[in-house]
Amino acid sequence: MKILKLTLISLFTIALVACKKDGKTTDNSKDSLTAKKDSVVVPEVYKEYYGVYTGDFAGKGMITSEDGEQYEGEVYKKISLKINRITKDSVYGQSIVEGNQRPFRGIFNESSKSFVLDEPGNDKYDGRFEVKLNSDSLTGKWNAFNKSAVKAPVKSLKLVKKEFVYNPNFMLNKDNDLIDWENPKNFVEKYTDEETGKTESYTASKNRIASDAVFKVNASTQKLSEKDLKNLRKLDMEIIKNSVFARHGYSFKKATYRNFFEQTDWYIPVSNNVDKDLSPMEKENVALLNRFIKYAEDKYDSFGR
Amino acid sequence: MLLIKRNISTLIKILLIIGFGYFFWLMLKITLEYIPLRADVSFLMIKQTEVGQRSEYLYFFYTHVYTSIFVLLSGFLAILRKDFGLKNFHKNAGKIYIFLILLFAAPSGIYMGIFANGGIVSKISFVILGFLWWFSTFKAYQLARQKKFKEHKQWMWRSFALTISAITLRMWKVIIVYLFHPNPMDVYQIIVWLGWVPNILLIEYLIAKKHI
Chain A
1315 MKILKLTLIS
1325 LFTIALVACK
1335 KDGKTTDNSK
1345 DSLTAKKDSV
1355 VVPEVYKEYY
1365 GVYTGDFAGK
1375 GMITSEDGEQ
1385 YEGEVYKKIS
1395 LKINRITKDS
1405 VYGQSIVEGN
1415 QRPFRGIFNE
1425 SSKSFVLDEP
1435 GNDKYDGRFE
1445 VKLNSDSLTG
1455 KWNAFNKSAV
1465 KAPVKSLKLV
1475 KKEFVYNPNF
1485 MLNKDNDLID
1495 WENPKNFVEK
1505 YTDEETGKTE
1515 SYTASKNRIA
1525 SDAVFKVNAS
1535 TQKLSEKDLK
1545 NLRKLDMEII
1555 KNSVFARHGY
1565 SFKKATYRNF
1575 FEQTDWYIPV
1585 SNNVDKDLSP
1595 MEKENVALLN
1605 RFIKYAEDKY
1615 DSFGR
Chain B
233 MLLIKRNIST
243 LIKILLIIGF
253 GYFFWLMLKI
263 TLEYIPLRAD
273 VSFLMIKQTE
283 VGQRSEYLYF
293 FYTHVYTSIF
303 VLLSGFLAIL
313 RKDFGLKNFH
323 KNAGKIYIFL
333 ILLFAAPSGI
343 YMGIFANGGI
353 VSKISFVILG
363 FLWWFSTFKA
373 YQLARQKKFK
383 EHKQWMWRSF
393 ALTISAITLR
403 MWKVIIVYLF
413 HPNPMDVYQI
423 IVWLGWVPNI
433 LLIEYLIAKK
443 HI
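Residue numbers (this note's numbering), protein chains in the order written: chain A, 1315 to 1619; chain B, 233 to 444.
You may find that some hints are simply not true.
[Claimed, not checked] Okay, the calculated beta carbon distance ranges per label pair:
1) Gly-251/B / Lys-1504/A: 21 to 29 Å
2) Arg-238/B / Glu-1503/A: 41 to 49 Å
3) Glu-1388/A / Gly-253/B: 57 to 65 Å
4) Ser-1470/A / Ile-267/B: 43 to 51 Å
5) Lys-1597/A / Val-353/B: 29 to 37 Å
Because the hints were derived from the structure by calculation, they are not lab data. Every residue gets a Cβ at the ideal spot worked out from N, C-alpha and C, and that includes glycine.
The shape of chain A in the complex, shown without the other chains (with noise of 0.2 Å):
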């Protein structure tokens, strides 16, 4: 009985505890929900101005060159902006960035065509997007709210609208690097000077590759079978199963397949989470997949089969 109440007080304080916590994102809730209850008094303008805008994100910071040296240049990054609805005194959507969406609100300015939005606030990257639109192009920047938390709090942005659609058949190709920078082996190499004779060791390090298996198997478009998978490689694999997400927009937070997608003309981050927009095949394909990359993670260099 005593350790009921006391399970029962501490939960209560936990409640209680969250509740203060959420004290923002409440607020944020109550936005949306006066939205709505707005949508029917406030008459929606400049429904033309809806949409995706994507493009870069630049800010300063830390670059590693190839020889492993350090130095302090653009490091780009890749964002979306969603318009979702204009009213005469307020502007919803949603940033998106590595995999980070965040919503915001702001104002448009209709003269000098600009929006002022800003993120809730209760993300050490959240902050203020001060943006300028020209016919199909947004620019300006954006900056911090917490400057002391993040690297670069000042950031600039160069968008163009750009219509997401799904299309099964968007794939990587040809022209794009199928090279995994971002996962290197490091491993020691043993180097004789002929002349000496002297016999030296370094570290080199390896980058995997993937195969042109990537251009022909779709795993949005076919029934995958065991036997289209057996003789492929992890990195194969991963790119199959992750071009599905990629086509339903999905923003990557790990870097290998930013760096694949981003170099494609029609990958177009638009969310964080995509998986109920999945087609039954394509669920039961990335099942299949999720089994292969296990397996060619568990066994592919190890002692069995």
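Since the structure of chain A is provided, determine the placement of chain B on it from the hints.
Using the frame of chain A, we list chain B on its own:
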């Protein structure tokens, strides 16, 4: 001179015993991946086509997995040709080895060979291996019954060389993947042959040179 020679051969024997012990441990670990019995674990992860379409596949597969580990052990204990103070130890270990191969491990191995990964190249290899395995073991059994022990010993070495292909096949895989990083089924088509052909050639050489 004779003493040195004898010492060297004892040393080689000890090394072989330690080596077998290590690889037997690895094989035991692989076997334990299949306990508890599941339809989609380890190697079966890429065999769901067969598991789904052929209701008998899992029976043959698990017969092979669960008996083969004892085949390895009993075969090794018998090939030492010592009784370790136990009456008929060699004979009994040999009986278990023969019984398990002839009735379970070889027939199930041949069945799985028919559905092996890596296409016709590997299927042919595994099926030949299975038949040779069964035949050499059967021959060794017959010769023991006829008390032709010299030939019994030779055929047992042939049989055990094929048994050991379970280990050598996996050793070759590690080596080839380390050196060349080929695609998984390309490795497989190579190791299905490398696993047993060199083994049997070595034994034939030793028999021809009258070492066995």
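*Kindly indicate which numbered hints from before are broken by the structure, ordering the numbers from low to high.*
4
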